[in-house]
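Visitor: From first to last, the protein sequence lines are chains A, B and C. If you're matching positions, the first sequence starts at 0 in numbering that gives the first Met the number 0 and goes up one per residue. If you're matching positions, the second sequence starts at 0 in numbering that gives the first Met the number 0 and goes up one per residue. If you're matching positions, the third sequence starts at 0 in numbering that gives the first Met the number 0 and goes up one per residue.
Think of the hints as simulated: they come from the structure by calculation, not from any bench. Being a predicted model, the structure only gives us computed values, none of them experimental. Keep in mind that a hint or two might mislead.
Calculated pairs, DMTMM-like style, for lysine to aspartate or glutamate (alpha carbon to alpha carbon, straight line, at most 25 Å) [claimed, not checked]:
hint	chain 1	residue 1	chain 2	residue 2
1	C	Lys517	C	Asp418
2	B	Lys92	C	Glu35
3	C	Lys477	C	Glu173
4	C	Lys150	C	Asp239
5	B	Lys53	A	Glu94
6	B	Lys56	A	Glu101
7	C	Lys262	A	Glu80
8	B	Lys15	C	Asp239
9	C	Lys105	A	Glu101
10	C	Lys268	A	Glu80
11	A	Lys64	A	Glu31
12	B	Lys52	C	Glu211
13	B	Lys88	C	Glu35
14	C	Lys495	B	Glu5
15	A	Lys29	C	Glu471
16	A	Lys29	C	Glu211
17	C	Lys410	C	Glu451
18	C	Lys236	C	Glu173
19	A	Lys29	A	Asp16
20	C	Lys55	C	Asp418
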Amino acid sequence: MVNDRLRDIGEFVPSADDDMIICRCEEITKGEIRKAVHDGMFTLTEIRRYLRCGMGLCQGQTCSKHVKNIVAKELGISPAELEPATSRVPMRPIEMRIFANEAKEVRSDE
Amino acid sequence: METRIENHPILGDTKKGKPVTFTYNDMEVQGYEGEPIAAALKAAGIMVHRYTKKEHKPRGIFCAIGRCTDCVMVVDGKPNIRTCVTPLKQGMKVQTQYGVSADTFDKQQRGV
Amino acid sequence: MKRYDLIIVGAGPSGLSAAIEAAKRGMNVIVFDENERPGGQLFKQIHKFFGSKEHKAKVRGFVIGKQLLDEAAETGVKVILNATVIGLYQDKEIVVKIGEAVEHYKGNSIIIATGAAENMVTFPGWTLPGVIGAGAAQTMMNIHGVKPGSKILMLGSGNVGLVVGFQLLQCGCEIAALVDAAPRIGGYGVHAAKLARTGVPFYLSHTIVEAEGDACVTGVTIAEIDSSFNFIPGTEKHFDVDTICMAVGLSPMSQLLKMAGCKMEDNPKRGGQVPICDEYGRTSIPGIFVAGDVSGIEEASSAMIEGRMAGIAAAEYLGYIDENELNKELASLDKALSGLRQGMFAPENRGRLIEKTDEGIAVSDSLLKKGYVADDEIERFPGFTHTKGIHPVMECTQNIPCNPCQDACPKGCIKIGKDITALPAVDDSVSCIGCGMCVASCSGQAIFLVDETYEEGYASITMPYEFFPLPEIGIKGKALGRDGQIVCEAEVINVKSLPAFDKTNLLTIKVPVEYASKARFFKAE
Numbered sequence: 000m001v002n003d004r005l006r007d008i009g010e011f012v013p014s015a016d017d018d019m020i021i022c023r024c025e026e027i028t029k030g031e032i033r034k035a036v037h038d039g040m041f042t043l044t045e046i047r048r049y050l051r052c053g054m055g056l057c058q059g060q061t062c063s064k065h066v067k068n069i070v071a072k073e074l075g076i077s078p079a080e081l082e083p084a085t086s087r088v089p090m091r092p093i094e095m096r097i098f099a100n101e102a103k104e105v106r107s108d109e
Numbered sequence: 000m001e002t003r004i005e006n007h008p009i010l011g012d013t014k015k016g017k018p019v020t021f022t023y024n025d026m027e028v029q030g031y032e033g034e035p036i037a038a039a040l041k042a043a044g045i046m047v048h049r050y051t052k053k054e055h056k057p058r059g060i061f062c063a064i065g066r067c068t069d070c071v072m073v074v075d076g077k078p079n080i081r082t083c084v085t086p087l088k089q090g091m092k093v094q095t096q097y098g099v100s101a102d103t104f105d106k107q108q109r110g111v
Numbered sequence: 000m001k002r003y004d005l006i007i008v009g010a011g012p013s014g015l016s017a018a019i020e021a022a023k024r025g026m027n028v029i030v031f032d033e034n035e036r037p038g039g040q041l042f043k044q045i046h047k048f049f050g051s052k053e054h055k056a057k058v059r060g061f062v063i064g065k066q067l068l069d070e071a072a073e074t075g076v077k078v079i080l081n082a083t084v085i086g087l088y089q090d091k092e093i094v095v096k097i098g099e100a101v102e103h104y105k106g107n108s109i110i111i112a113t114g115a116a117e118n119m120v121t122f123p124g125w126t127l128p129g130v131i132g133a134g135a136a137q138t139m140m141n142i143h144g145v146k147p148g149s150k151i152l153m154l155g156s157g158n159v160g161l162v163v164g165f166q167l168l169q170c171g172c173e174i175a176a177l178v179d180a181a182p183r184i185g186g187y188g189v190h191a192a193k194l195a196r197t198g199v200p201f202y203l204s205h206t207i208v209e210a211e212g213d214a215c216v217t218g219v220t221i222a223e224i225d226s227s228f229n230f231i232p233g234t235e236k237h238f239d240v241d242t243i244c245m246a247v248g249l250s251p252m253s254q255l256l257k258m259a260g261c262k263m264e265d266n267p268k269r270g271g272q273v274p275i276c277d278e279y280g281r282t283s284i285p286g287i288f289v290a291g292d293v294s295g296i297e298e299a300s301s302a303m304i305e306g307r308m309a310g311i312a313a314a315e316y317l318g319y320i321d322e323n324e325l326n327k328e329l330a331s332l333d334k335a336l337s338g339l340r341q342g343m344f345a346p347e348n349r350g351r352l353i354e355k356t357d358e359g360i361a362v363s364d365s366l367l368k369k370g371y372v373a374d375d376e377i378e379r380f381p382g383f384t385h386t387k388g389i390h391p392v393m394e395c396t397q398n399i400p401c402n403p404c405q406d407a408c409p410k411g412c413i414k415i416g417k418d419i420t421a422l423p424a425v426d427d428s429v430s431c432i433g434c435g436m437c438v439a440s441c442s443g444q445a446i447f448l449v450d451e452t453y454e455e456g457y458a459s460i461t462m463p464y465e466f467f468p469l470p471e472i473g474i475k476g477k478a479l480g481r482d483g484q485i486v487c488e489a490e491v492i493n494v495k496s497l498p499a500f501d502k503t504n505l506l507t508i509k510v511p512v513e514y515a516s517k518a519r520f521f522k523a524e
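With the rest of the complex left out, here is chain A (with noise of 0.2 Å):
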């Protein structure tokens, strides 16, 4: 029911918060997040992919609950139904060259 994307969640009506920051690490604002459902985003994993919110430096760790709750109101459900966004490795940021090291093993290994 929450991936039906021919539910009509009618139009985006503009409201005076929407410059309010939601992720802080990406500066995605409420205005944007609402605004993306509008252009068919329903699930959180899409909508952190669209607008990279939740995928800064922290990971989602302060906003995750807002966006839901945002994308839920939006929606017009209620926030327990929708699915959080996936989790995957790595789940803390972690730089490019220690991530690496990890390559390094394994063809050491073979």
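Once you have looked at the hints, place chains B and C on chain A.
Guide: This is chains B and C only, laid out in the frame that chain A set:
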């Protein structure tokens, strides 16, 4: 205002490392070796650690445990150093960070 | 790839407790923690814990942290710090960043004890330097010895907001206001009362309109909200503060479990996304366990018991103990845990308005809305008595799981009984010797010694006092009421600091006898 807690009713005297001098944007600041850079800056009354990339807004300490990365600064020329979990050393060069690189916004624009 | 019987992620209260129990049973245990120091949040907790003896009640959090670390070392638990777990897979493989390397470990069993992350609320100006989390405030003041600010607004009246608020006062900060959008204080009344009697004003049904300042916070405006969370025009209040501290709840850090493929649920009573698990932390994947806040937000005391349960369950899973032993061990822990989960603040009562105590006494309305029991409400509670000579007055008015006062009295004049959430009562037949052990033992700082016949026309009041500078004998000042307002002149007549009091000093003041039931705090002139 005295920002260091010298004598605490429960914790007593807080143990500190040896006094060190470091620079914040070329200004000399005193701190204690091994404490987080952010603690020394806070004790010196410095609140702004960086300006954000898009909106150029000031940020400072927020979570203080290395998670939120709001307190990152340019340390010894390297950007994105989490000052709340990076131990202070004698002679460290700590600078305000602009965006995500080690350069000022001015330089970043000219570079493009 | 290295293999261990048990890999634990998180060296906080639950992770360490789990490690100790598993290691005691012969398991080869390794604990990873991304922080520089072990102990999780325990070392930031400088207040005395609640509960009973088996929950380490009246011991301060950081002391419990030290005890856990010692025990972990004795049992041979390996704790690796600055080790950030970046991945967990279904086959119990862990990817961890240690220093400059990314390493892989395999666990025959795994316990995830990653704890929780702080929630935040948004308002114009919430990204300004000077807006911080309550955890940040605790880290700055209790670990690094730096004041988080000078004048602070605390948002959130749960136990975290109240406890951190008090800690801010202890390190010399001023609290301009304690604000919560909820219509009632969320944390223990005794924690609120400690703040209220020093003069901290509470604003319930209020929230932040905006934080002011260009480079950093210079002020804040709050306003009252209606039942649909809309601001009520004309109710704005402004405070000149340099810091806004948010203590608006915690969310389980359960991402690793989701990544591993554990069945998850969104459970608001547990604080958000949590793994589906049984009461001993067994998740949907055999051999992967959880303990502590990651499986549902509670206190550190319950996290430690959950940790022990998960450690024992993991030992049984790998055959280090048999089912009989498992059941025997878990039964006693079950009892300890259910003791903590009783009373008004039990998990199942979250969000519910409780009007009467278990004893059938009407709960103080003023306590829930203003942070203190009103003068005309306090008389109805069983700990509040009037007798000749010195005697304890216990302003403990909610059913919370705590009973150290009962054991503290060498004469046995305080009665709580078997049920540790019962309100304490005074046994009038036993005479108080005025030793003050009960005052110092009360984690909620809710016990006073009152002598209404101290001197002709004067009463003496002994109160717990955990601030510096400690007033000296002979100093004159004002006695403050439970509401933090001046009630009368007062003089310090005794100051007692004994090792047995564990940093809770006993301050005795003399006030005109008619204020004996009102004066509860002292401010030097």
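Visitor: Determine for every hint whether it applies to the structure shown.
Guide: Each hint tested on the structure:
1. Lys517(C) with Asp418(C): 30 Å, violated
2. Lys92(B) with Glu35(C): Distance of about 22 Å is within 25 Å: holds.
3. Lys477(C) with Glu173(C): 18 Å, holds
4. Lys150(C) with Asp239(C): Distance of about 8 Å is within 25 Å: holds.
5. Lys53(B) with Glu94(A): 22 Å, holds
6. Lys56(B) with Glu101(A): Not OK: Lys56(B) and Glu101(A) at ~36 Å, beyond 25 Å, violated.
7. Lys262(C) with Glu80(A): Holds, at roughly 15 Å.
8. Lys15(B) with Asp239(C): 32 Å, violated
9. Lys105(C) with Glu101(A): 16 Å, holds
10. Lys268(C) with Glu80(A): Roughly 16 Å between the alpha carbons, so the hint for Lys268(C) and Glu80(A) holds.
11. Lys64(A) with Glu31(A): Measuring from Cα to Cα gives roughly 16 Å; hence the hint holds.
12. Lys52(B) with Glu211(C): 21 Å, holds
13. Lys88(B) with Glu35(C): Within the cut-off at roughly 16 Å; holds.
14. Lys495(C) with Glu5(B): This hinted pair holds, its Cα atoms lying about 22 Å apart.
15. Lys29(A) with Glu471(C): 55 Å, violated
16. Lys29(A) with Glu211(C): 20 Å, holds
17. Lys410(C) with Glu451(C): 20 Å, holds
18. Lys236(C) with Glu173(C): Holds - the C-alpha atoms of Glu173(C) and Lys236(C) are around 17 Å apart, at most 25 Å.
19. Lys29(A) with Asp16(A): 7 Å, holds
20. Lys55(C) with Asp418(C): 17 Å, holds
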